[in-house]
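Protein sequences, first through last, are from chains A and B. Just so it is clear: in the first sequence, position 803 is 803 by full-length UniProt numbering, and no numbers are missing. Just so it is clear: in the second sequence, position 156 is 156 by full-length UniProt numbering, and no numbers are missing.
No lab work stands behind these hints, which were simulated from the structure alone. Hints should not be assumed to be uniformly reliable.
Stated by the list, open to error - List of simulated lysine-lysine pairs, DSBU-like, C-alpha gap at most 30 Å:
| hint | chain 1 | residue 1 | chain 2 | residue 2 |
| --- | --- | --- | --- | --- |
| 1 | A | K1092 | A | K859 |
| 2 | B | K166 | A | K1163 |
| 3 | B | K166 | A | K1146 |
| 4 | A | K1125 | A | K1105 |
| 5 | A | K1162 | A | K1125 |
| 6 | A | K1092 | B | K82 |
| 7 | B | K82 | A | K1162 |
| 8 | A | K1125 | B | K82 |
| 9 | A | K831 | B | K34 |
| 10 | A | K1158 | B | K82 |
| 11 | A | K1105 | A | K1146 |
| 12 | A | K1125 | B | K34 |
| 13 | A | K1158 | B | K174 |
| 14 | A | K1163 | B | K174 |
| 15 | A | K1162 | B | K166 |
| 16 | A | K1105 | B | K34 |
| 17 | A | K1146 | A | K1125 |
To be verified - Listing some non-contacts, in silico: residues in chain A with all C-beta distances to chain B over 12 Å:
| hint | residue |
| --- | --- |
| 18 | D229 |
| 19 | L553 |
| 20 | R638 |
| 21 | L975 |
| 22 | N1110 |
| 23 | Q1119 |
| 24 | F1142 |
What you are looking at is a predicted structure, and each value in this text was computed from that prediction instead of being measured. Beta carbons: idealized from backbone N, C-alpha and C, even for Gly.
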Amino acid sequence: MQGVAWGDGMVGVAAGFSARVASIAGNFAGREVASKRRGNGGPGNNKDMAEGSGADSIRGRVGCAAEMAAWDASAAVMGLTEVCRKDVEGFKSRILGFSCSNKRQARSHHGQPTMTSAVASPWHQRRRRVFQSVFQTDVSQPTPQTTPCVRFPDQGHVFGGPPPQTGLASGPLFSQQATQDLLAHAHAPVELSTSSQSTIPAPSQSNLHPPPPLFPPLSRLDNQQAAFDRAWHVVTARIALPPSATADDSFGTLPTDSQLQLASQHAAGASEDDFAQALALLVHHSDLLPDATQTDDIVAWHAQQVRAHFAQHVMPLLSGCLDDGGEEVLAAPEGQQQRGPGRKGNYYERHMFIAMSSIRTLQAALRLYFYGLGLLVQGFGRLVDGSTSKESADEVEELAVRFRRDTHALVGNSASDGLMRSVRIVLVRLIATILGVPWAEDGGSAPTQQRPAPPTDDDLRVLAARHRLHEFVEQLHNVGLAGERFQVLFAEIMDTMMSRFVKGAYAGVWAPDYFGFSSTPDTIPQPSASPTTSACLVSLGDWVENHFARLSLEVLSRICPEAASPVPLSDVKTYQSLASGRLAALRIDELFDIVLAWPMSRGALDDLRATITTSARRRQLTTNFSRTLRTRLLHPGRSTLEILRTYISIIRTFHTLDNSKVLLGHIEPDLQLYLCQREDAIRVVITGMLASPEELQAVRKVKDVARMKKANRDKGADAGAFVTPSAGGALKTPTMGRRRGATPELASTGYSTAPDMADQLPSSTLVELALILNDPAQTRRTAPEEEELDWNDMSWVPDPVDAGANYKRPRSEDVIGTLISALGSPDIFIKEFSSVVAGRLLGGPARFDQELRVLDLLKRRFGEAALQNCDVMIRDIQDSRRVDATIIKTRGPTQAMETPVKTPAGKTEEPDDEEYHARILSRLFWPDLEREHFLLPQPIVEYQQWYERGYEELKSKRKLTWLNQLGQARVELELEDRTVTVDCSTVEATVIYAFQDPNTDGPVKKSADDLYTELQMDEDLISAALTFWAGKGVLRRGAQGVYAVIESLSAPNDDGTAGAVKGEAEASVAADEGAEMEAAKKQDGAAGLSAKEMERRAMYWQYVKGMLTNASASMPLAQVAMMMKMLVPDGFPWGNEELQEFLGEKVAAGEMEVVGGKYRLKK
Amino acid sequence: MPYEDTHTSTAGSIPAAKLGGARKAAEPGQNAMKRLQTELMQLMTSPAPGVSAFPSADGNLLSWRATIEGPDDTPYAGLTFKLSFEFPSNYPYAPPTVLFSTPIYHPNVDFSGRICLDILKDKWTAAYNTQTVLLSLQSLLGEPNNASPLNGEAAELWDKNPALFKTKVMDRHKDLEDD
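Excised from the complex, chain B in its bound form (with noise of 0.2 Å):
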């Protein structure tokens, strides 16, 4: 008896997602509010390998923290990485303002842990979500941007000395002590 079903995991949402779709905006923020939690509910059903994502303990829905685990293969593997996510209230029409809250040794983040990434700037579009931010982060990871680094000595080293480049990320890291 076969069961073909490739929905499976988002069958729940789908009326969810078209009830949210269909009732009017009643507040920029209140808009934002409903798509976090669907967003939220897509983290929690369907988890991506390596990233994860929750709404920070103070119970603001606008500022999530992230993790992202460092990609085998790279200089990063082993390593976790946590980030915070602040939305505006007319997100998903303006990107989230993300920063790397451990500190990490990477050609397109500097040393406050801003990002350089073209889908958090001008690139952003209402399509892209908390799910594939993160994701894009960890392939950022492995695969910097070396034509526009934050950090040009990381850039330099990346291809030229990646020994020295890996202990730098060792000597940069720094597990965050968590309260």
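Looking at chain A on its own, in the form it has when it is part of the complex (with noise of 0.2 Å):
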């Protein structure tokens, strides 16, 4: 009842050990033929199963698989059963070469009641008769009762006979036999031989016999069968297990593999020749006992014998051998056991120990099924020597083989998790001190801060470990643990290791000579750089091949020996680009601290070109940081100048990185999308390009000092006066002068831009531009540009892969190209350049090498035409000191104006240092400047008056707009105390000069009021220039708005002491800056803009009216904003509420009416 107490689990099992003989299948052969197991059934088990009534509850075990994970030594004979099964039949639908659905059907039929019954029963008594229906506990069965498919024949049995335990045909050799055999029995039966031992078949042989006949005589059974029974007893008795159930006794003391068998002949004697003879009576029975119905295969019994040994005394064993690890196994999950209770106690040590003494039980323990076979392979050895055939004893010897590999499978299947456990904290702590990867020892949650570095090859830490290592791995191997459960944790290991040496050794390490690489010059990018290797790439690939690819060659071969190379060439290779992979992910998250770190990072941008080689990297780097650019940098928390700093960074970074400007494609829509936003972003590069290199900076504050006196002189005070000569062309304007040495000394010059722009410099500048602006290299591009192919080009590469339709590859860094293209349309950046250009050219200094330089540059990039205006506006500027040097020259000094004036104190001025000079503008080259009507002082009014007909004699038919706001003008104050010198704008100048009053003893006082009166100048200027003034402790506001010159600082005052006075004076120049640009932008906005927009209402208005007039006579809100938006040019900026608004305007004017929702005019 043997095959049947099994349940078709066993039966598999057992079945499975003479397939396994007869397969040439690799180790794990199994695994890959268990995924055809589904509809392939054996026919020889299908009786089984339908019988077994353990299988019931086996299934049932296997089928509650959670349950039985908690179940340590069952789980593990499960796991076996299930994988043996796995085996057999996936073999035997391998030999057979067909398949029968019986098997499924007979496993869904009684699957039911298995599931049932598994839910019903008590657990305890489940695992009762599970454990006994698959381990029985009598191993001594002398007479197998019967070979079920003997018996039993199933219908779909092609073959009728011989059963798939003796079938010993070789995997390879199948298909051939199998066709012999068919021929065989085809033809004839082949006549049963009955003569001595030489003529014994090989096992092989038996394949050719007849089946025996369904009913054989009864007579005959019996005799033989004896005979094969008592054979069986002889042979079993000699090679059964021991017993015992305390297996550390049992297996402590067995002698060797070479010591048993010596011993097996040097004592066997007489009991030698027995079992010989009964051994192969046993092989040959279908010869020698061709009625014998009952047999058995010997060593299929061996192997049952091993399986329930192993499983009754050995697995509680292992189990005790983990015990030894203790509460800490089990505290630790598995795979974090870094994390589990810091003992003092190693770590290591005790996993070591846990690991090393499950291998001694599982030696002992294989040693002792080794004797077994060692027996019946010597007797099959023996029965083979008489024999000539060669192939008969290298079956014999595979048969060993086969033993063996299945007794691994059996060990490497059931080893718990518990033990696989210690395997990996041993190999993990092997491997890292090989590969030179740090690693937390004994559990320790603290990473070490010491960077992975390969070990050198003398390091004795090392050595030990990789002696180790191979030791530990062989033992594994022999005992059956190197199996596929192993291979896996080594894999996983490997991987890890991998993964944290590239973190470890290459995380921010940018310096292109921190392995002792010199990378390229700093300055000069060059774009055919090599784009293969790199510092980092090179000592990873070192590592990868010395160390890594070193230790899994050191260990495959170990674990699978058959195998030629375990580690081919190729597979280096892969290795190598797996680390280059992770190499390149790590880089591509350093990416933007990568750019930000520039141009010190210029080492890891190699790394990244060198390992940025497959498309899908290309687009998994531009979408990663574009991910960090938008959490890190476009937020409002930055500040323009931030951004475009990291901007420049980031365009030089990706230059270096791929010089086909592609990635940097991809990354920019959403920066320019962004900077868009920021309105100021265009300003700051302008400012920036404009800006003096730090060096000349320096330089220039130096001389700055010296030039001041002197340079004043020739500043041009100007004021754009705007001038239509009829005979057309340009427009000249002559400006202002200003008077020196008049106490309220007016000069005018200057945009109110121009102080801010100069306060702003350097620090807050974009300096960088200005240096790039200098850097040869930035000009040397767009020589070869417009040409098709630069044929001299020897570092030419294709274009990269993901480049769009048009691309058209770039020949140079390009940082201000591209950052002036990211900013919008050039339109827009020639307006706003312009614009400062014009602050820079009316207040600056008397050069503009800067500015030409600029101008140069953006002539290249946008023509000459789209600067002509700046052009004219330098031009203008030069042409202006030249005609101001002749006009006052022709004009002789300026006696006429050489009136004495009175200070506020009632000084005379010396006239001879007075000078006036003007900037004449060309009006329409110059952005809109506004005229600001006040009354200038009276001198100065003659000046330009002087100064205008001097220029008509010179210029004939042309004639003068003053712009007397935009002047500069140094202003001397002798008050009765102090002497106060001023530079400052005209208004200022103007506002100061009205306190001047020579009939008026004492401080004279005005409030805004009289000065608005007195000076017809717009009231917001004038109080801005009155906080100036009183910024300057010059005027002191007092009750009502009324302003007062403070002419002494010691005298007592109206409203207080002169200590209150300065006090206040002092604390106001502290706020004075912030008061003048407030000022100035005031000035900007409320005259220059509105002035501007009413200009631009008005046409709006005529496109309303033109519009309600032809179009449609009526036109509701949203209709008139879509034809505005249409027809208006340059654009129609306003958003319908605004454009309602102004409608409204209208029609609250009277001269529109709203109809039924629709605006008309009003007739």
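Now that you have both chains on their own, put them together as the hints suggest.
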């Protein structure tokens, strides 16, 4: 009843052994075959399954995998049976080559009761039943009851006879053999051989014999059956395993294999012959005892014994070994051993001990098993000795190999998780040491700060670890633990090690010469830089080749010695590409920091360039970087300046990375979109470009002091005056000059924006741009750009695969060009540029080197025509200097003007150093300059008239229009106790001049309203100027907004003491700058914009009128807006709300009316 | 402080015109569009008295509607006439098709509004524009070309019986009701 009682699982196992014996399937053939098992059923075990009562519970257990997991020993056994069954089934399907659905039917047939019973019966009972059904306690069953497949051949059994157990045909030989079999059966039954040992056919030949008759004669059967039983007894008694339950003693003392053989040869003496004969009888029972129907395969029997013994005695021992590891193993979840309780004892040593004691236990057990096998093999060997067939000898050997392999599979598959965990810990430790990856020891959680580095060859620790690992792996292999699970484990560990090494060794290591390499010099990017190597990559490749691959080779060659080369060269290449992929991923994650660290991070870029080889990685890089950009740069917390600075770094970095600029193109849209929201972006760029390089700045500072005095004289005060000559052409504007010496000395020069910009220099500007501008490498571009192909370009490479359709390869880094194109349309940029330049020209120093250089650059980019205005502007300034000189010379000294001017203090002035200069602007070419009306001081007006006459003499038919508010003046105020000299705007100078009143003794007092009447100046300007002078400590604000001159700081005033005044003055000096800038801005906004805005509104009104007159008499708001958007040149900037407001005003003014939601003109 | 600038009104448009001129004509239609936009801009910034024009409400820039007020001292005084302009895609190298939408009794206009005016036919040059056409038509109202009438009766009456002419004009005229 053995077969039946074992259930299909174990029958499967039994069959599996013989099947295995006949198979040359590789170590893991079982796994791959297993996938085929569905639908393929061995006919041999159909019966068993149908009859197997124990099978139910097995299946139940197998079905309840989750429960099983908790139950160590039987869980392992279950896994074992499951796997073995798969092996067998898979094998059979291969050997017999036919499929049969019976099995599946059978399975489903009794699958039902299984599950229900499994659920219904109590846990312990099931456990006992399972255990008993799988492992029989009584191992010595002398006479196998029957071989079910012989007695009950299945319908689908083609061969009708040879049970699969005896099918010793080797896998590769199978098809041939099977064909022969078929032929043999088809033709005639082969004569039974009854002769001596020498003619006993090799086991494989038994296949050739016909199946036993279905109803054999009883008498012969009895005799031969008895003989077989006797032989069976002899053999099994000899090879039986010790039944001891306390396996500790039972195989602690076993002799080694060699001793075992010796002993058997010496001692066995008489019984040896008996054994041999009995064995012969058993093996060739079908020939010798053709009528013995109840036969069995001795090898399969031994295999069963081994299994039973293993499960019963060895498994508990193994779990005993684990218990040494104690709570810790249980406490530490798998894969997180580092976080286990930090015991003092060496974590690794303890696990090493667990692993080693398990290995020793297994070794002892295996010795025991192989002893039995050894006897059998010897017996077989003797049988074969007689025959000359070399094939037979081979097969005997193969039998032993297969037994060994199956036993190893048994061990490997039943290894508990705990054991594997220990093995993992030991491996991790050893491999980490060998590969030079620092690993947290003893479960300590603190990661080591040490960087991973490839160990040197003479490092004793490494040598020891390597030696230990070799031993360990060999031992594992010998006891069968180096199976698939081990290989998976090993692969996982190696994978982790590679990641750790790459991350640990290269994170943040960007310096090009970190590994003793020197890279390209900083300033000149080399487009042809070799794309295939980098320092990090070389060292990583070295590590992979000399350490990683070497270790893999060593380990793999130990666990699968059959393979000729476990790690072929192609695998090494794969490892290296894997490693470079990890490096790429690392660098991609770091890319933003790399950009920030530019140019110190050049080495990292080399790495990236060398590793970003596929378009997938390129895409990964761009998407990853864009994401980082959004989270780290493009948010309101970053100033425009910072963003632009980073952008420059990005441009340079990406150019180094990929000089085709395709990558840059992928990440730019985000940036550009964001920069468009930053209104000051263009201005920042332009001021940055116009900023002098830092070293020049330093030099200039020194010079400035000296030049100030001299240059002030040259500094033409100019207020733009627009003159349109009737002859056409350029418009010339002379400017007003300024008077020096007179106390309120007026000099008109410069835009109100000029001081702001001067204040910003240099820390808050993009000085980088100016530096880049001066970099010759930047200007080297564009020469070959127009050509289709540069035939002399030896470093030509094809366009990148992810380049767009209209892709054109750029020739150089071209930071400025990229930056400008990112800022929107060139028109806007040029507009902004000319207004900035206008400001600088009007206010700035006498020379415009930087402006000219930038202008040149922009000309090259946008063309001469686009920047014509700027050209004219610069020429205006240069011309006006000449004209200015001529006028002053030809008009002679300004005698006419030599009217002594009384200061507030009542002093007269020496007229000789009075100066008045003008800048003459061509109106059409300058940005809109609003005229601000106010009355200049009389002396200045006289100067203006004088200058005007001079100009008209010089250039006939041209007239000047003065832009009074744009000038600059130097004012010297002589007060009672001090003299104050201030450079200020003409507006401010005019205001303070108004405080000069020779007829009043004591401080002059005026309110803003007084000044408004007197000067006819914009109120905003007046209050700004008053604040300015108050800040200078010249004026003091009294009650009701009346300002008074502080003649004497020490003299008490009406409102307070001198000290208070002084304090106030100082305080307001601090606030002065802000107020000044504010005022300037206001001036810009209120005066400049509103006039422009009015003009624009008038034009829009014309459009609306035209529309409602002609297109349609009445229109809804949306249609008006749509038409406006379509028709207004340069775009219609208003939204619907603004338009509605505008139209609402017109309705209120009575020009329009709203009828039925539509606007129409009032008739 | 003198401020002499005779081109005040058009100053802003000079660079734009320059730009337009410098640009190569990409497509004839584009060119026409550009030109029409400029013309519209001019009409809006410096409107001529008594005439106005604007693209039609459907947003087609090649189709305009215009309005002419009848000049004083003519039979048309106080009347308002609507016209439609259809510009060809090669405008300004071909004249627009101009029709009176408002019924008008005039020697050089037929009953379906077609106009006989040499500058809209063979005398057209690219120097003309919408505004000049409108001004020409306005003056045509006061000074019809009776030598080549489309409406012979009107041409006769113009000289012989101004009173009857005026009556006919008033009879014929009918203000278009806007949609």
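So, going through the hints one by one against the coordinates:
Restraint check for K1092/A and K859/A: satisfied, since their Cα atoms lie roughly 29 Å apart, inside the 30 Å limit. At roughly 25 Å between alpha-carbon atoms, K166/B and K1163/A fall within 30 Å of each other, so this suggested pair holds. With a C-alpha separation of about 37 Å, the suggested pair K166/B and K1146/A falls outside the 30 Å cut-off, and the hint is violated. Annotation: proposed proximity of K1125/A to K1105/A holds, straight-line Cα distance about 15 Å (limit 30 Å).
Between the alpha carbons of K1162/A and K1125/A the distance comes to roughly 24 Å, so the proposed pair stays at or under 30 Å and holds. About 34 Å separates the Cα atoms of K1092/A and K82/B, which puts this hinted pair outside 30 Å; it is violated. For a cut-off of 30 Å, the pair hint linking K82/B to K1162/A stands: about 18 Å separates their Cα positions. At roughly 25 Å between alpha-carbon atoms, K1125/A and K82/B fall within 30 Å of each other, so this suggested pair holds.
Using a Cα cut-off of 30 Å, the hinted pair K831/A and K34/B holds, with the two alpha carbons roughly 22 Å apart. In summary, the hint linking K1158/A to K82/B is supported, as the alpha carbons are separated by about 21 Å, within the 30 Å threshold. For a cut-off of 30 Å, the pair hint linking K1105/A to K1146/A stands: about 11 Å separates their Cα positions. Between K1125/A and K34/B the CA atoms are separated by roughly 15 Å; this keeps the pair inside 30 Å, and the hint holds.
The suggested pairing of K1158/A with K174/B holds, with an alpha-carbon distance near 24 Å, which does not exceed 30 Å. Distance restraint check for K1163/A and K174/B: the Cα-Cα separation of roughly 17 Å lies within the 30 Å cut-off, and the hinted pair is therefore satisfied. Distance restraint check for K1162/A and K166/B: the Cα-Cα separation of roughly 28 Å lies within the 30 Å cut-off, and the hinted pair is therefore satisfied. Taking the CA atoms of K1105/A and K34/B, the gap is near 22 Å; set against the 30 Å cutoff, the hint holds.
For the hint linking K1146/A to K1125/A, the alpha-carbon distance of about 19 Å falls within 30 Å, and the restraint holds. The Cβ of D229/A lies farther than 12 Å from every Cβ of chain B, with a closest approach of about 107 Å, so its non-interface assignment holds. With a closest Cβ-Cβ approach of about 68 Å to chain B, L553/A is found to remain outside the 12 Å limit, as its non-interface label requires. Even its closest Cβ contact with chain B, about 36 Å, leaves R638/A beyond 12 Å, as expected for a residue assigned away from the interface.
Non-interface call for L975/A relative to chain B: holds, since the shortest CB-CB distance, roughly 33 Å, exceeds 12 Å. A beta-carbon of chain B comes within 12 Å of the beta-carbon of N1110/A; the shortest separation is about 4 Å. Here Q1119/A does not stay apart from chain B, with its beta-carbon only about 7 Å from theirs, under the 12 Å limit. No beta-carbon of chain B is positioned within 12 Å of the beta-carbon of F1142/A; the least distance is around 15 Å.
Checked against the numbered hints above, the structure breaks hints 3, 6, 22 and 23 and satisfies the rest.
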